[in-house]
Every structure is written in structure tokens, then in C-alpha cells.
Amino acid sequence: MKFGILVNEGPYQHQASDSAYQFTKAALEKGHEVFRVFFYHDGVNNGTRLATPPQDDRNITVRWAELSDKYNLDLVICIAAAQRRGIVDEEEMKRQGKDASNLAPGFRISGLGQLIEAGIQSDRLIVFGD
Amino acid sequence: MGMLHVVNKSPFEKTSLDSCLVYAKEGAAILLIEDAVYAALKDTAVADKVRAALKKCKVYALEPDIKARGMEVAKVIDGIDVVNYGGFVDLATAYDNVHSWV
Amino acid sequence: MEGGVVKKFLYVNRRAPYGSIYALESLEVVLIGAAFEQDVSLLFVDDGVYQLKKGQDTSGVEMKNFSPTYNALGDYDVNKIYVDQESLEKRNLTTDDLMALTYEDEDDDYAEKPSIRVISRDEVADLMEEQDVVLSF
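So the protein lines, in turn, are chains A, B and C. With my numbering applied, the first sequence corresponds to residues 1 to 130, in that order. With my numbering applied, the second sequence corresponds to residues 1001 to 1102, in that order. With my numbering applied, the third sequence corresponds to residues 2001 to 2137, in that order.
The following block holds chain A by itself, in its conformation from the complex (with noise of 0.2 Å):
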């Protein structure tokens, strides 16, 4: 079965990435195949590159980039919600005019149409949030 996930909530502040991800690992463990991981409001911070959690706590950014090397997995950040929280990849931070991006290896930014996208291809489309 084909499944698409949306992430609506950050890392750390809440528990919905870690639902998502746990949900995503275990999917594509059994050979579902995730068609992709779609991040939309505070979900987008799950994306940036400039997060340290402590040592001894999982670096959800990490996992989520893992699982996409390892599975081939799509993992898109909205380009509008990142607009408004300061995630940028190299060409958003050339075409707004920062000094910085902080998009993470193996996510990519793009724009709200990939989630109804996911909506119409995958089977089954779950939402994890706060």
C-alpha cells in the first residue's frame, strides 16, 4: 500500500514527528511504500540543519535524512510555511536576498501542491500533529 504522511508540529516541542517517523519507519519496514512526507506549519522546523540537540537525545532532522537515504524517501518542507519560519534552501536564499540557508541533506522545499499531490497518489494520506 502506498501511504503520504503530514508532519504539523516542530521537533522536540511535540510528540507528532516522532509519531510520523516511528509510523514512516514501520510502513516502510513491512514494504509499504510512502509515496512522501510532506511538512507544513511548525512542521517545516523538522528541516533545518542548524539544530543541536544534546548528545544523548535523538536528532530528529538525522533520523528523518536517514530513512530518506536508506528508503529513497520524499521528505518536503512547504515552501510557504518555511517563508514564514525561516527555513531556506540555496536558491530561497538567493531569490529573498539572506545571508544564510539551513535546509537539511535530504529534505527539499516546494510548494503546498505536493501535498494534495500525495493526497491523490497515496492510499491512504495520515496526519500527525499537536
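These are calculated hints, taken from the structure and not from any lab test. For glycine and all other residues, C-beta sits at the position ideal for the given N, C-alpha and C. Any given hint could be a false lead.
[Claimed, not checked] The calculated label-pair distances, taken between Cβ atoms and stated as ranges, are: (1) K2064(C) <-> A1094(B): 41 to 47 Å; (2) T2058(C) <-> D99(A): 30 to 36 Å; (3) A2100(C) <-> G1079(B): 42 to 48 Å; (4) P105(A) <-> A2100(C): 46 to 52 Å; (5) P54(A) <-> E2037(C): 30 to 36 Å; (6) D1078(B) <-> M93(A): 54 to 60 Å.
Given chain A, work out where chains B and C should sit, using these hints.
Leaving out everything else, chains B and C in the frame of chain A:
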């Protein structure tokens, strides 16, 4: 199969579970995750309404969330099935659609 | 855009506006999603009914008043807007307290018709079950 309703809020703080119980149809399933697992335990102030829900719906609770909170699986209300993340995936597959009461 | 696949999308709105950004950003999804020509419905239940309250004035809080955008939904062919009767009653609201959202029915000589339909608990339950995709924010 009907709908899988996912609830993640403590029933003592938020009304998500109440809303879910109002709109869940007979034959639907309710999965309690995150802080909602407190609703799965015996002899709490909300246990009666959860037991009433069991008459029309299947109710599940996520074991890793129960254990993380130091609660005992043995004290889960009779009739509630305890599942892990793989079981969550299986439920999402088995039911026709999923609604998260976020 | 997607090879003619039409799915039933339901946007479930359960939160009040301004206290958090969920209502505003959910509306942004609805507007973008309209371009995909899916079978879209919006449901306002619990505190979500406050999103449709008329007379919103955000000048004092200096936040963007996005309530006029609900009026534009009809132009995007989003015209199935369901409001839960019990959620209104619990909050001492009636349809007179809500914005009068309308759309032009192209099958009826573009007659202006109300988009909001107040529905019962059982109808809400049925509406949810019949969807392919339920987006809640």
C-alpha cells in the same frame, strides 16, 4: 471496513476524544496514541465512556506510548487491543480511511 | 493535472482563528488544492465554527484578518462548506452569526447560492466516512 480515528490528546486536558466518540460510526476503529493513551486505562474518570465506545467501535492503544509514560499494559481496559507502530500501519491499511483528531 | 483522478478531500477545521495559525494555513491549503480539481468539502466543527464568525476585526491585535478569504472560496469552486449544528449550539451561535458565504451555480444560470450547509451529528459522521482523504490541521 470503516474509518480509523486517531486520537492523540489526553482526555483530561482536551476534548478531542469526546468529539471523536460523538462522530465515530459503528464499525469504526479508534486508535489512542501519544497523550491519548491515558484514556485506555482502567478505573479513570473517563473509563466509562471508553467502555461504552467499545460497544460500537474497536479501540486500540499504542504500546510504546503506554510504556513511555510508565503506565502498565496490564491495566488497559479489557477489550482494548494494544498495538505497536507496525500494528498502527496495519490498522491504517485495514480501514478505508484515516482521520486524525489533531 | 493528475490524469483525471478525482478523490474526495475533506478539510476538517476544529480550531478557532488567531489563537494559532492552523486556521489561516489550512485555508491556504484549500486555495492551492482547488487547482487540482478534486471533490473538495470543508467541515467546521468544535471551535472551527468560530472561523466563520462574521465581523472579525483584527486591527487591535495587528494580525492579518484572513476572514474575507472564506468569501473567495466560491470563486475557487469550493462550495461545499459544512458546519456542525451541535458545535454552533454549544457556542450560542446561529447561522446568522456566520459570514454569508455564497457561490455562483454554473448549472443554474450562475445563480448565487449559499455555500454553508448546517448539518447534524449523524451527517458529520457520514461525511467523514465517505472521504478518500481527510486533512486536519
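Could you check the hint for me, namely that P105(A) and A2100(C) are 46 to 52 Å apart, CB to CB? Holds, at about 50 Å.
Cβ-Cβ distance between P54(A) and E2037(C): within 30 to 36 Å? 47 Å, violated
Is 30 to 36 Å respected by the C-beta to C-beta distance linking T2058(C) and D99(A)? 32 Å, holds
Cβ distance range 41 to 47 Å for K2064(C) and A1094(B), holds or violated: With Cβ atoms ~42 Å apart, the hint holds.
Given a hinted range of 54 to 60 Å, is it respected by the beta-carbon distance of D1078(B) and M93(A)? Holds, since D1078(B) and M93(A) (Cβ atoms, about 57 Å apart) stay within the stated range.
Falls inside 42 to 48 Å, the C-beta gap from A2100(C) to G1079(B)? 47 Å, holds
The structure does not agree with numbered hint 5 stated previously, though it agrees with all others.
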